[in-house]
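Q: Okay, here's what each chain looks like letter by letter:
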Amino acid sequence: MNTELLKNISENLQKGRAKLVKELVQQALDEGISPETILNEGLLDGMNIVGGKFKAGEVYVPEVLIAARAMNQGAQMLKPYLEEAGVQSIGRACLGTVQGDLHDIGKNLVKMMLEGKGIEVIDLGTDVAPETFINTAIEQDCQLICLSALLTTTMGVMEEVVKKAEEAGIRDKVKIMIGGAPVDDAFCKKIGADAYTPDAASAADVAKSFLTA
Amino acid sequence: MTNRERFQAVLNFEKPDDRLPAVEWASWWGDTIQAWVGQGFPAGLGFHEIAPYLGLDQHYQFWFPHRNADCPQPASFGGPIAEDEEGYEQLLPYLYPDKDIDGIIEFIRTLKGRHDAGEFPIWFSLDGGFWFPRTILGIENHLYSFYDQPELYHRILDDLAEFQMRTLEKLYSVLTPEFMTFGEDMSYNNGPMISEDSFDEFLLPYYNKIVPYIREHGTKVIVDSDGDISKMIPWLKRAGIQGVLPLERKAGVDVAALREAHPDFLFIGAFDKMTMRESDEAMRQEFERLLPVMKTGGFVPSVDHQTPPDCPLERYHKYVDMLKEYGRKAVLG
Chain A
178 MNTELLKNIS
188 ENLQKGRAKL
198 VKELVQQALD
208 EGISPETILN
218 EGLLDGMNIV
228 GGKFKAGEVY
238 VPEVLIAARA
248 MNQGAQMLKP
258 YLEEAGVQSI
268 GRACLGTVQG
278 DLHDIGKNLV
288 KMMLEGKGIE
298 VIDLGTDVAP
308 ETFINTAIEQ
318 DCQLICLSAL
328 LTTTMGVMEE
338 VVKKAEEAGI
348 RDKVKIMIGG
358 APVDDAFCKK
368 IGADAYTPDA
378 ASAADVAKSF
388 LTA
Chain B
33 MTNRERFQAV
43 LNFEKPDDRL
53 PAVEWASWWG
63 DTIQAWVGQG
73 FPAGLGFHEI
83 APYLGLDQHY
93 QFWFPHRNAD
103 CPQPASFGGP
113 IAEDEEGYEQ
123 LLPYLYPDKD
133 IDGIIEFIRT
143 LKGRHDAGEF
153 PIWFSLDGGF
163 WFPRTILGIE
173 NHLYSFYDQP
183 ELYHRILDDL
193 AEFQMRTLEK
203 LYSVLTPEFM
213 TFGEDMSYNN
223 GPMISEDSFD
233 EFLLPYYNKI
243 VPYIREHGTK
253 VIVDSDGDIS
263 KMIPWLKRAG
273 IQGVLPLERK
283 AGVDVAALRE
293 AHPDFLFIGA
303 FDKMTMRESD
313 EAMRQEFERL
323 LPVMKTGGFV
333 PSVDHQTPPD
343 CPLERYHKYV
353 DMLKEYGRKA
363 VLG
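Chains as they are written, first to last, in the working numbering: chain A, 178 to 390; chain B, 33 to 365.
Be a bit skeptical, because a hint or two may be false.
Listed next, the in silico SDA-like pairs over lysine to any residue satisfying Cα-Cα at most 25 Å (straight line) [as the list claims (entries may be wrong)]:
{"#": "1", "chain 1": "A", "residue 1": "K350", "chain 2": "A", "residue 2": "Q317"}
{"#": "2", "chain 1": "A", "residue 1": "K232", "chain 2": "B", "residue 2": "F234"}
{"#": "3", "chain 1": "A", "residue 1": "K199", "chain 2": "A", "residue 2": "P257"}
{"#": "4", "chain 1": "A", "residue 1": "K184", "chain 2": "B", "residue 2": "F234"}
{"#": "5", "chain 1": "A", "residue 1": "K230", "chain 2": "B", "residue 2": "I171"}
Far from chain B, some chain A residues (derived; all Cβ distances over 12 Å) [claimed, not checked]:
{"#": "6", "residue": "N217"}
{"#": "7", "residue": "I226"}
{"#": "8", "residue": "Q253"}
{"#": "9", "residue": "A262"}
{"#": "10", "residue": "R269"}
{"#": "11", "residue": "D318"}
{"#": "12", "residue": "Q320"}
{"#": "13", "residue": "K340"}
{"#": "14", "residue": "S379"}
{"#": "15", "residue": "F387"}
Chain A stretches covered by chain B per the calculated footprint, using a threshold of three residues with CB under 8 Å from any CB of chain B [as the list claims (entries may be wrong)]:
{"#": "16", "segment": "204–215"}
{"#": "17", "segment": "272–282"}
Hints are computed from structural coordinates only; laboratory data are not their basis.
A virtual CB, placed ideally from N, CA and C, is assigned to each residue, including glycine.
All chains, please: the whole structure from these sequences, using the hints.
A: This is the structure we're talking about:
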């Protein structure tokens, strides 16, 4: 197997060179490398490195965005092959910014990082009602509900989501994760959510640990 | 000592005679006022009526508009109103509204007598080199633009700087505000949104065009950025910036550590708003945390963003009392 080529995919993804990543993914497919290997050892490897650097403060939001864009474009090329081969994601999450809050950059970063861990993400957008999280989790069989809030005026909605999950009888089937400027671990415990993470890369690490436990 | 003199003293690292200024640097959330109205607060008060009603010092802020009232709005919150060079060209007739500035300058002129008499300090705000392109390109596209459209980014900042210099000339022909802020919001819970390299390539040249002129007039130059701005302070200092606000505790900002690292830098804010949701005792402990820094000068303590709606009105009154109590302790011992 051409490990140099996979390394090239990873390195160029880290630099956000989407066009080149697509060319290299095509080259890897042409050389007969399995789509799953290209995904795991090329694209996800690169995104994992970016996530680690982001967590360590070595790269910043624009660098994460362009890397994630390169990953998505490469992954899009692999999608039909992965489906044909029956390769599954490691789990499914629904994610959104809670009702009353329209801020979405943090939520979008979490989405990118989750996808970088091989997790399927249903992005519910911003200003999402508690019922929508619950209904989506039930209908789409999500193992994770990820909640984002930027404002002190909206963080209380997170508690409503936890309560609605209990009322709907799915609380033991889903992990509820929270993040955003006004929340912390103490708030997470207070409202009965499962995890607070301080940044998008940590959110992806914790999400993966929940799904692979 | 007048209200204005008190403020000037702190900005110059001098001790006011009586206490530190007691101000809210930002207006209150609508939700907070609404909650307070249910607790006996009079409805319908404007900012300049709310502050004295609550026992706070008066100040005037002017945020100069950077686009006119007819400017297209984004289709959704944080969306773009121009996506590329061509879109920006089409938007130009709506941007940099000199006529609107003239109207504001005339209003400021009407305040000059009261400002001269020391009734209140005046500060003004400009859209900064991070903030303004974001309002044009949209939150996410703006972050991509550092890599995708660097020429456009530079062009926007060149135009912005020219407009702001025209605005400043008009302003300084009338009076000299005590301080100003560049609205930026370029940091978040985990620090800066952009790298130092990006800051140097894009924002530093922009600041270098504006900041020296403002400082020449004696107005203190402060950057307004939510989140954890700590790591950016050395970058900002290289750009001639003299202070930051609001120093969000929840984002991990440690104002005491910042004071130690930057003894000559101005701070406004730093009071952890989350304590206002808890108890009177939590607020007192928060003031105790801030007191040593309050004593060093160059620091106007204030809520580190806006008072949350679940802070009862009665507790807010106690907050104002404590703000003045600790403001006296900082000065008088």
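Q: If you draw a straight line from the CA of K232 of chain A to the CA of F234 of chain B, is it 25 Å or shorter?
A: holds, 24 Å
Q: Check whether the Cα positions of K184 of chain A and F234 of chain B lie no farther apart than 25 Å.
A: Violated: K184 of chain A and F234 of chain B sit about 32 Å apart, past 25 Å.
Q: Taking 12 Å as the cut and beta carbons as the points, is N217 of chain A off the interface with chain B?
A: holds, 26 Å
Q: Does the claim that D318 of chain A lies off the interface hold, with its Cβ farther than 12 Å from every Cβ of chain B?
A: holds, 29 Å
Q: Does R269 of chain A clear chain B by more than 12 Å, comparing its Cβ with all Cβ atoms of that chain?
A: holds, 24 Å
Q: Please settle this one: I226 of chain A was flagged as non-interface, so is its CB more than 12 Å from every CB on chain B?
A: At about 17 Å from chain B, I226 of chain A clears the 12 Å cut-off, so the statement holds.
Q: Closer than 8 Å Cβ to Cβ for three or more residues is the test here. Does the segment 204–215 of chain A pass it with chain B?
A: Answer violated; 0 residues pass the 8 Å Cβ test.
Q: Minimum C-beta separation from K340 of chain A to chain B exceeding 12 Å: can you confirm that?
A: holds, 17 Å
Q: Non-interface claim for Q253 of chain A: all C-beta distances to chain B beyond 12 Å?
A: Fine: 18 Å to the nearest Cβ keeps Q253 of chain A off the interface.
Q: Please verify that the nearest CB of chain B lies beyond 12 Å from S379 of chain A's CB.
A: Answer for S379 of chain A: violated, closest chain B Cβ roughly 10 Å.
Q: Next pair to validate is K350 of chain A with Q317 of chain A; report whether the Cα-Cα distance is within 25 Å.
A: holds, 13 Å
Q: Holds or violated: K199 of chain A and P257 of chain A, Cα atoms, limit 25 Å.
A: Holds: K199 of chain A and P257 of chain A sit about 15 Å apart, inside 25 Å.
Comparing the model with each earlier hint shows violations of hints 4, 14, 16; every other hint is respected.
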